[in-house]
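Protein chains in written order, with my numbering: chain A, 11 to 187; chain B, 51 to 619.
These aren't lab readings, by the way, just hints derived from the structure by calculation.
Predicted model, so just to flag it, every value in this text is computed and none were measured.
One should not assume that every hint holds.
[What the hints assert, rightly or not] Lysine-lysine pairs mimicking BS3-like chemistry, simulated, CA-CA at most 30 Å apart: (1) B:Lys257 with B:Lys345; (2) B:Lys551 with B:Lys324; (3) A:Lys35 with A:Lys163; (4) A:Lys123 with B:Lys590; (5) A:Lys33 with B:Lys219; (6) A:Lys33 with A:Lys155; (7) B:Lys189 with A:Lys21; (8) B:Lys410 with B:Lys219; (9) B:Lys494 with B:Lys345; (10) B:Lys324 with A:Lys123; (11) A:Lys35 with B:Lys275; (12) A:Lys61 with B:Lys334; (13) A:Lys167 with B:Lys494; (14) B:Lys540 with A:Lys120; (15) B:Lys257 with B:Lys334; (16) B:Lys275 with A:Lys33; (17) B:Lys234 with B:Lys219; (18) A:Lys35 with B:Lys262; (19) B:Lys62 with A:Lys120; (20) B:Lys335 with A:Lys35; (21) B:Lys60 with A:Lys35; (22) A:Lys21 with A:Lys123; (23) B:Lys551 with B:Lys561; (24) A:Lys33 with B:Lys62; (25) B:Lys219 with B:Lys275; (26) A:Lys123 with B:Lys538; (27) B:Lys235 with B:Lys201; (28) B:Lys201 with A:Lys21; (29) B:Lys201 with B:Lys367; (30) B:Lys334 with A:Lys120; (31) B:Lys334 with A:Lys35; (32) A:Lys120 with B:Lys561; (33) A:Lys155 with B:Lys60.
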Amino acid sequence: MNDLELFENYKTTVYRYCLYMLKNKGDAEDVCQEVFVKAMLADRRELRSEKAWLLRIAANECHGLTRRRSRGREKEQEAFLQAAPLHAVQSVESGYERRETKSEFGLLLKDVKPRFREVLLLYYMADLPMAEVAEMLNLPLGTVKSRLNRGLKSLKKRMEEADRPSKKGSEFHVSNY
Amino acid sequence: MSQITEQQIKQKMLALPDGSPNYDEMWTRIRLEVERRRSGWSEHTDVVPGKPALSRVRQWTLAAAGGTAVYFDQQTDREVVTADPAGQRVNVSAEVDGVKLTLDNAVIGHQTMDDTDRMALQMSLTGLEDQKFDYASFKEAEIVDLDSGKKIAVDFGGFDARSGVDQLKLTEYISENLPTSEQKKSYRIVTKDLYLTRRFETPLTGKLAAGKEYEVIPEKGLRIKLTSYNVVLNGAKLNLEYEANQAEPLPEDYDPNRANYESSSYLIAKSGDKTLGNSSIGWKKGSKTQSFDLKSLTKQERNNLQFAYSYAETVKKIQGTWTLDFTVEGTQANTPAQSVPIQDGAALEERTGMKLSEAKVTPFEVQIPVKRKNDSSVLQDGKFMYYEGLTLQAGDVEVPGLQAPIPGLPYNPLQGISAQSETMYFNFRDNEIQDLSSEPLTLKLRNALVARVYPDIWTNIQPPAEKTQSVSETMPDQSVMVYKVTRKGKDVQVNTQTRNKFYMVTGTQLKVDGKTYERSETESQGKYNGDIGYQVDVFKNVPEGSEFSINAGTYGVYDSSRDIDIQIR
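Isolated chain B (complex conformation):
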């Protein structure tokens, strides 16, 4: 009989060693990765004309159930706002060595997405017109409530100079110690030591190949070794991984707690005058993985790819302290929500069955509640699902939005947030915050997705084997489904090309000798979007049999004839 007690095992389990990993380094990688995902990078980034915009602000990047995150593409290049600023004009400045920091405006409003009141402090920086740099950031910054002496939590970001040093704007948000609409409150912003950072590029000479080493900063002895270089998906995607022989360069004001993507080093790809955005980048211990989406390049452009090592370096420091004392008057800074009835909704209702309620407009966001004639979660054939392209033209700014929850769709991207009923959401970032009280608002809806359901269309296939078989079926709506079927041990995998044509809702079904099998929800997944998109459905423990067939399940097709512009105001 065992003499080892449960209690002894528990004690040993509690004392299990962790091998002392470098948690600080891990934290840095986590911060960088979070920053990257928050900045809106996705697997679908196309060729970008310039460099991706820097954004620190979390935008509708939300968690779905089960620990799976869902990320939305963010439009990175936004227009410069020319409408009137919202809230209170503050216009308080401080200057050090000719560099002037100005607090231009303070705007208070409610943000439904976070369910918080917050104040946007819109600032500008001047006096750096003769400098060459990409970002300017303060080494230290704090905001103090002068009435209570309390320091207010703030995560000061950087000024982005890539669009020009004459437009250096920064918006910070605080959500505590705000004045009510009847109050006045005094604050102090203190910033110290301004660092100007510039990104540099060193071309990697020769053709890239796994195992090759490249000298990237000779004066520092920095070399990188490409450990992996794979072109996959018929040439549409490039995955690579590299290791550096020493710590990669970082700006002097680098702070792991404030690390952002643009502080780090990475490879960039170019072909002719096109610069290819990283479609994904991953920080691992000792190495970095990157992916480039090549699908928009011609074969010749793919053959002519050139690579460069890109890194950030501090180019100038302006040492000193900028102190801004200011008072916010609740009556001026608070911008109450407006309700705007939508008069022009008949055409939309006719095309989609959706009726739009009053738009709620604040400086930070616009929400439009949606009601449907048929809000059943059952997707019948021909039912309108939603518009993939949702844009609000507000004054001079076009803001992309999203709509949720959609009846009948398997997930709600806003789960856990404030979406109890179906609503269209548009939120304004940073410099887009403006006085919308008299601005025209136009809703632009594009690429309607319409449900297709053909439960009786089963496509016969050969018994699945390790060798992939490909079969196609022309559906009654003339959509051509292409299935690639492979047996992997006890499981069967069905790969359906979605490209830009379909949105697979339920996924495929598999029938074996008359018995229908549903896909595994946890193992099935959609991969990529656009021209190379496909859906992988995994069917678990599928027996051998003689008659196999596949049904496409419910899917959506695009119907551009339902595109519509709706004048809200």
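With the rest of the complex left out, here is chain A:
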């Protein structure tokens, strides 16, 4: 797979991972860019799974950025920190319909703790085997399973809470679950 094919095949997966981990479009674009730059400079001949490898780089980059940000080390990027946060898709749909959009789900997802969100994204969004997620994050398989369960629980809870007001007061038919 050449560089352009690599980018075309995995840009969305890598970018979405970065976007929902970092919760900021500008950061996600920069990290996604860095992931592919590193990938293009690397020797990829021995790779078993390009997707897993790219996401591993993405995970490292996201961890690194989050860590640096939390410590305030990168003063020169302060302006960047003020970039617009992840917005929901602009919509004029009604309250219920809007709540049911994919982006609404994304907003709920971003409230899940990062360590749970990370495994949810890798396992469900990127569709990686659980063992690969464990290897990628350098975690025992049991820890990944546990984080996945806790992440699912947290996400379900948020989805139910988001759904609840509409059930009480909405004139729309409510649940599709």
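Assemble the complex: chain A is given as a structure, and chain B must be docked to it using the hints.
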């Protein structure tokens, strides 16, 4: 009980929106950044006498584990080769409007670094002597295997005219459809529309300051706004960021899939007659960040810094098609590897414990396997590690090299490539490819690094606090370690000045009330080289305590008394 199923969540996760970023723009930025890093720019670029050389060729830019890339400085200004050309003399030309493209030579050989056979096609361009430009590149180019009709993948680069329009050379590589040593194969090179590009500079008037706007190309209404301007590291480095009010200029033949650094726009810094190379440049969405290394400037020169906006523009187009049909004969173009025994190795063995095996010489590279008396990965005090300066004089060309893997060093820069055992590597680029069969070869080894290990030397420090404390220790080898220690929440950070004096191998260790803590390998890092270099070691979750001390860990010091030249042939 929740009615939401795992399957429903999975479906929603798979359908997560990405907010539709501009992937095309992202791809362009990626290409530019890759080009920049491949061109050999690094954080350590010093003042350059002219402009940096253009290179499209990937040179030993390799990935280390864990998604971290390691980059090597590349020597950008290489000497012009006067030795005999290697391979087969082809000498086929095509001419359009007086501009002649000639395929001079075809050289086939094996490149161990990529583990591929490849053919170098060395070309030249003449007939542009009365033009003023910096680069010449064809809008389209392809190579066809005339025997099979197959188009061969090629990424045609540009001719660099900055050293003079009478020396326009370009080397392209193909690695498929090559003739064996017994075969003949016919090919066709077709190039279309030659674009001449020149870089222009517009001075930025007044003192640079964040928030100020500068008109850089008035006739196009192009302005840039400096959004950040920071001098850091005690004046040794300048970081800046700017935004343009519109798309920045690009040459007419700009192609995002072939974008290179020299097509883009950026700021340059000058002081007197010195032009400062960008030590780093980053493309972000809507802005550009740049860094300049100021350490080689005097205080007065730093105060006199002037800036200019530099951009590329097409100055002439020569429209037409150049077609070169040629036949490569395997017997002539294939250049087999030579094995050259190294006779003159006793002095090196005495100084370093390293013994050099036979050098393997091809037109593309020279490899010298290394054996050590003591190849233990344990670095004892006084053990020779490696030479930082590794150069091969091959005929008229001096080529920098690298050696890997080094026993006892924490990373192998050639990981994943073909370095199973310790080897010195030198590779020749483009015009440096020459017939080395009868050329003298001299190995020049400089700046030996020798390990220093003092596990019993612990330097007492005050309990780390948010306010940085600085302590120093004169080691038994008379090296002076300067530690700056800061507590950051639960963690402790130890900053050790390395400057040009040390190479920190293992990093420092921290002892708290008798218990030793190792640094975090993922968060610790070396920052910069040269006079402003330092190592930052991060110790995680360090408890409060009463007795703190630091050990330097294993480090390397330079020993110029081991410098040596070895005549290989």
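Here is what the structure says about each hint:
1. Of the pairs offered as hints, the one joining Lys257 (chain B) and Lys345 (chain B) holds, with about 20 Å between alpha carbons and a cut-off of 30 Å not exceeded.
2. Among the hinted pairs, Lys551 (chain B) with Lys324 (chain B) is consistent with the structure: their alpha-carbon atoms are about 27 Å apart, no more than 30 Å.
3. Our distance criterion of 30 Å between C-alpha atoms is met by Lys35 (chain A) and Lys163 (chain A), whose separation comes to about 27 Å.
4. For the suggested pair Lys123 (chain A) and Lys590 (chain B), the alpha carbons sit about 21 Å apart, so the restraint of at most 30 Å is met.
5. Using a Cα cut-off of 30 Å, the hinted pair Lys33 (chain A) and Lys219 (chain B) is violated, with the two alpha carbons roughly 48 Å apart.
6. Distance hint between Lys33 (chain A) and Lys155 (chain A) is fulfilled; the C-alpha atoms sit about 24 Å from each other, no more than 30 Å.
7. For the hint pairing Lys189 (chain B) with Lys21 (chain A), the CA-to-CA distance comes to about 28 Å; that is within 30 Å, so the pair holds.
8. Our distance criterion of 30 Å between C-alpha atoms is met by Lys410 (chain B) and Lys219 (chain B), whose separation comes to about 27 Å.
9. Under the criterion of a C-alpha separation no larger than 30 Å, the hint pairing Lys494 (chain B) with Lys345 (chain B) is consistent with the structure, at around 28 Å.
10. A hinted pair counts as satisfied when its Cα atoms are at most 30 Å apart, and Lys324 (chain B) with Lys123 (chain A) does not qualify at roughly 52 Å.
11. For the given pair, Lys35 (chain A) sits about 22 Å from Lys275 (chain B) by alpha-carbon distance, which is consistent with the 30 Å threshold.
12. Between Lys61 (chain A) and Lys334 (chain B), the direct Cα distance comes to roughly 24 Å. Compliance with the 30 Å bound is thereby established for this hinted pair.
13. At roughly 67 Å between alpha-carbon atoms, Lys167 (chain A) and Lys494 (chain B) are farther apart than 30 Å, so this suggested pair is violated.
14. For a cut-off of 30 Å, the pair hint linking Lys540 (chain B) to Lys120 (chain A) stands: about 27 Å separates their Cα positions.
15. A distance of roughly 24 Å separates the Cα atoms of Lys257 (chain B) and Lys334 (chain B); the hinted pair therefore holds under the 30 Å criterion.
16. Distance check on the hinted pair: Lys275 (chain B) and Lys33 (chain A) sit about 27 Å apart at the alpha-carbon level, within 30 Å; holds.
17. At most 30 Å may separate the alpha-carbon atoms for a hinted pair to count; Lys234 (chain B) and Lys219 (chain B) meet this at roughly 25 Å.
18. At most 30 Å may separate the alpha-carbon atoms for a hinted pair to count; Lys35 (chain A) and Lys262 (chain B) meet this at roughly 26 Å.
19. Taking the CA atoms of Lys62 (chain B) and Lys120 (chain A), the gap is near 13 Å; set against the 30 Å cutoff, the hint holds.
20. Restraint check: the Cα-Cα separation between Lys335 (chain B) and Lys35 (chain A) comes to about 10 Å, which is no more than 30 Å; the hinted pair holds.
21. A hinted pair counts as satisfied when its Cα atoms are at most 30 Å apart, and Lys60 (chain B) with Lys35 (chain A) qualifies at roughly 23 Å.
22. Restraint check: the Cα-Cα separation between Lys21 (chain A) and Lys123 (chain A) comes to about 24 Å, which is no more than 30 Å; the hinted pair holds.
23. For the hint pairing Lys551 (chain B) with Lys561 (chain B), the CA-to-CA distance comes to about 25 Å; that is within 30 Å, so the pair holds.
24. Restraint check: the Cα-Cα separation between Lys33 (chain A) and Lys62 (chain B) comes to about 17 Å, which is no more than 30 Å; the hinted pair holds.
25. Distance restraint check for Lys219 (chain B) and Lys275 (chain B): the Cα-Cα separation of roughly 38 Å exceeds the 30 Å cut-off, and the hinted pair is therefore not satisfied.
26. Distance restraint check for Lys123 (chain A) and Lys538 (chain B): the Cα-Cα separation of roughly 23 Å lies within the 30 Å cut-off, and the hinted pair is therefore satisfied.
27. Between the alpha carbons of Lys235 (chain B) and Lys201 (chain B) the distance comes to roughly 14 Å, so the proposed pair stays at or under 30 Å and holds.
28. Only pairs whose Cα atoms come within 30 Å are accepted, and Lys201 (chain B) paired with Lys21 (chain A) is accepted, the gap being roughly 28 Å.
29. Distance restraint check for Lys201 (chain B) and Lys367 (chain B): the Cα-Cα separation of roughly 26 Å lies within the 30 Å cut-off, and the hinted pair is therefore satisfied.
30. Between Lys334 (chain B) and Lys120 (chain A), the direct Cα distance comes to roughly 24 Å. Compliance with the 30 Å bound is thereby established for this hinted pair.
31. Pair hint Lys334 (chain B) plus Lys35 (chain A) holds up; C-alpha atoms about 12 Å apart against a cutoff of 30 Å.
32. For a cut-off of 30 Å, the pair hint linking Lys120 (chain A) to Lys561 (chain B) is broken: about 40 Å separates their Cα positions.
33. Between Lys155 (chain A) and Lys60 (chain B) the CA atoms are separated by roughly 15 Å; this keeps the pair inside 30 Å, and the hint holds.
Comparing the model with each numbered hint stated earlier shows that hints 5, 10, 13, 25 and 32 do not hold.
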